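Peer 1: Note that the protein sequences, when read in sequence, are chains A and B. All the letters of the first sequence, read from the start, carry residue numbers 5 to 142 under the numbering used here. All the letters of the second sequence, read from the start, carry residue numbers 5 to 142 under the numbering used here.
The hints are simulated quantities; they were obtained by calculation from the structure and are not laboratory data. Every value quoted in this text rests on a predicted model; they were computed, and no experiment measured them. Among the hints, erroneous ones may be present.
Just so you know, same-sequence chains aren't split out, so a pair can sit in one copy or run between any two.
[Stated by the list, open to error] Using 25 Å as the maximum straight-line C-alpha spacing, the simulated SDA-like pairs for lysine to any residue come out as follows:
#: 1; residue 1: K136; residue 2: P110
#: 2; residue 1: K104; residue 2: L55
#: 3; residue 1: K116; residue 2: Q94
#: 4; residue 1: K79; residue 2: Q94
#: 5; residue 1: K116; residue 2: V101
#: 6; residue 1: K104; residue 2: E51
#: 7; residue 1: K73; residue 2: L141
#: 8; residue 1: K73; residue 2: Q62
#: 9; residue 1: K79; residue 2: V92
#: 10; residue 1: K116; residue 2: D81
#: 11; residue 1: K116; residue 2: N75
#: 12; residue 1: K104; residue 2: Y122
#: 13; residue 1: K116; residue 2: D65
#: 14; residue 1: K73; residue 2: D124
#: 15; residue 1: K116; residue 2: L55
#: 16; residue 1: K79; residue 2: D48
#: 17; residue 1: K107; residue 2: L26
#: 18; residue 1: K107; residue 2: Q45
#: 19; residue 1: K79; residue 2: D34
#: 20; residue 1: K116; residue 2: F47
#: 21; residue 1: K79; residue 2: K136
#: 22; residue 1: K104; residue 2: F117
#: 23; residue 1: K73; residue 2: I19
#: 24; residue 1: K116; residue 2: C23
#: 25; residue 1: K116; residue 2: D34
#: 26; residue 1: K116; residue 2: C35
Single-letter residue listing:
There are 2 protein chains.
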Amino acid sequence: MTTFQLHPRLQQDSIFIACFELSQLRLINDCSYPWFILVPQRFDVREVFQLDDADRLQLHDESCLLAEKLNAVYKADKMNIAAIGNVVPQLHIHHIVRYKNDKAWPAPVWGKFDAVPYSDDEISQQVELIQKAFPELS
Amino acid sequence: MTTFQLHPRLQQDSIFIACFELSQLRLINDCSYPWFILVPQRFDVREVFQLDDADRLQLHDESCLLAEKLNAVYKADKMNIAAIGNVVPQLHIHHIVRYKNDKAWPAPVWGKFDAVPYSDDEISQQVELIQKAFPELS
Numbered sequence: 005m006t007t008f009q010l011h012p013r014l015q016q017d018s019i020f021i022a023c024f025e026l027s028q029l030r031l032i033n034d035c036s037y038p039w040f041i042l043v044p045q046r047f048d049v050r051e052v053f054q055l056d057d058a059d060r061l062q063l064h065d066e067s068c069l070l071a072e073k074l075n076a077v078y079k080a081d082k083m084n085i086a087a088i089g090n091v092v093p094q095l096h097i098h099h100i101v102r103y104k105n106d107k108a109w110p111a112p113v114w115g116k117f118d119a120v121p122y123s124d125d126e127i128s129q130q131v132e133l134i135q136k137a138f139p140e141l142s
Numbered sequence: 005m006t007t008f009q010l011h012p013r014l015q016q017d018s019i020f021i022a023c024f025e026l027s028q029l030r031l032i033n034d035c036s037y038p039w040f041i042l043v044p045q046r047f048d049v050r051e052v053f054q055l056d057d058a059d060r061l062q063l064h065d066e067s068c069l070l071a072e073k074l075n076a077v078y079k080a081d082k083m084n085i086a087a088i089g090n091v092v093p094q095l096h097i098h099h100i101v102r103y104k105n106d107k108a109w110p111a112p113v114w115g116k117f118d119a120v121p122y123s124d125d126e127i128s129q130q131v132e133l134i135q136k137a138f139p140e141l142s
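Chain A on its own, in the form it takes in the complex (with noise of 0.2 Å):
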């Protein structure tokens, strides 16, 4: 099995939201911050330097793209930008919206709380927000 598929913890706890000519954008499930995940379609990657060229610079446009929009669309306070994957070893990139009222805030989001799951009509707020913010992924 050498193709793309999405790791089931990623599955679990986010929400596809589109896709990008190379990563699928997905809402993680967790209403205390605008959080959202990047993850390029490539079998067996953990760190962005093991993608060729090409797909390293598209993921870093794709990255750039979304961190302005979300930063304009959320008016952020500051965007937390990060490649982890202590847990989850396929490559995702976090891209969070942070404001200086936010619950966890100064500290980074991990490990501070438990996730607070969106209803479902909150997940459709924020997923048709995103959608409008991108017009030429729809």
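Fit chain B to the given chain A structure using the hints.
Peer 2: Same frame as chain A, now just chain B:
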């Protein structure tokens, strides 16, 4: 004043190793993990997407090169790469070598433990190790 100046907090918490074309490479003074930062030498930049296209690509190249070298030199179990900046706004990209037996694993390192400073000898060893890994920088 519109020229780059290192943020005093980064100055205090880290040790200069070398300059890439765009960024300073610095060692965080915490011997708990091999932990480095890249600081693009640009004035008043907080987010990667605020850099111009050439600088963005240069930073991306420097980050990938650094991560790949650190991964090899330190035989990492996982690299953690992140732009957080909630406390120190000046753009700096963390590159942290993680091991399955390090004291914070699998949690991210921020906010887990107080920094444990290196001895002067240990600092010299780390700096020499990295300068040897990047002979083109010396």
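Peer 1: Now tell me, hint by hint, if it's right for this structure.
Peer 2: Evaluated hints:
1. K136 with P110: neither (29 Å within a copy, 36 Å between copies)
2. K104 with L55: Between copies only: 23 Å across chains, 34 Å inside a chain, cut-off 25 Å.
3. K116 with Q94: Both. Shortest intra-copy (22 Å) and inter-copy (24 Å) distances satisfy the 25 Å Cα cut-off.
4. K79 with Q94: This pair counts as between: shortest inter-copy Cα distance 19 Å, intra-copy 29 Å.
5. K116 with V101: The answer is both: 16 Å in one copy and 21 Å across copies each meet 25 Å.
6. K104 with E51: between (30 Å within a copy, 16 Å between copies)
7. K73 with L141: Within one copy only: 13 Å inside, 35 Å across.
8. K73 with Q62: The answer is both: 16 Å in one copy and 22 Å across copies each meet 25 Å.
9. K79 with V92: Classified as between; 19 Å across copies, 29 Å inside a copy.
10. K116 with D81: both (19 Å within a copy, 23 Å between copies)
11. K116 with N75: within (22 Å within a copy, 27 Å between copies)
12. K104 with Y122: Within one copy only: 21 Å inside, 32 Å across.
13. K116 with D65: The answer is neither: 30 Å in one copy and 32 Å across copies each exceed 25 Å.
14. K73 with D124: within (23 Å within a copy, 44 Å between copies)
15. K116 with L55: Neither. Shortest intra-copy (31 Å) and inter-copy (30 Å) distances fail the 25 Å Cα cut-off.
16. K79 with D48: between (35 Å within a copy, 19 Å between copies)
17. K107 with L26: Cα proximity of K107 and L26: none, with 32 Å in one copy and 35 Å across.
18. K107 with Q45: Neither: 32 Å inside a copy, 32 Å across copies.
19. K79 with D34: Answer is within: at 18 Å inside a copy they meet the 25 Å cutoff, but 34 Å across does not.
20. K116 with F47: The answer is neither: 31 Å in one copy and 32 Å across copies each exceed 25 Å.
21. K79 with K136: This pair counts as within: shortest intra-copy Cα distance 16 Å, inter-copy 43 Å.
22. K104 with F117: Result: close both inside a copy and across copies, 16 Å intra and 22 Å inter.
23. K73 with I19: Intra 19 Å, inter 34 Å, cutoff 25 Å: intra-copy only.
24. K116 with C23: neither (29 Å within a copy, 35 Å between copies)
25. K116 with D34: For K116 and D34, the Cα distance is within 25 Å both inside one copy (12 Å) and across copies (22 Å).
26. K116 with C35: Cα proximity of K116 and C35: in one copy and across copies (14 Å, 24 Å).
When held up to the earlier numbered hints, the structure conflicts with 1, 13, 15, 17, 18, 20 and 24 and fits the remainder.
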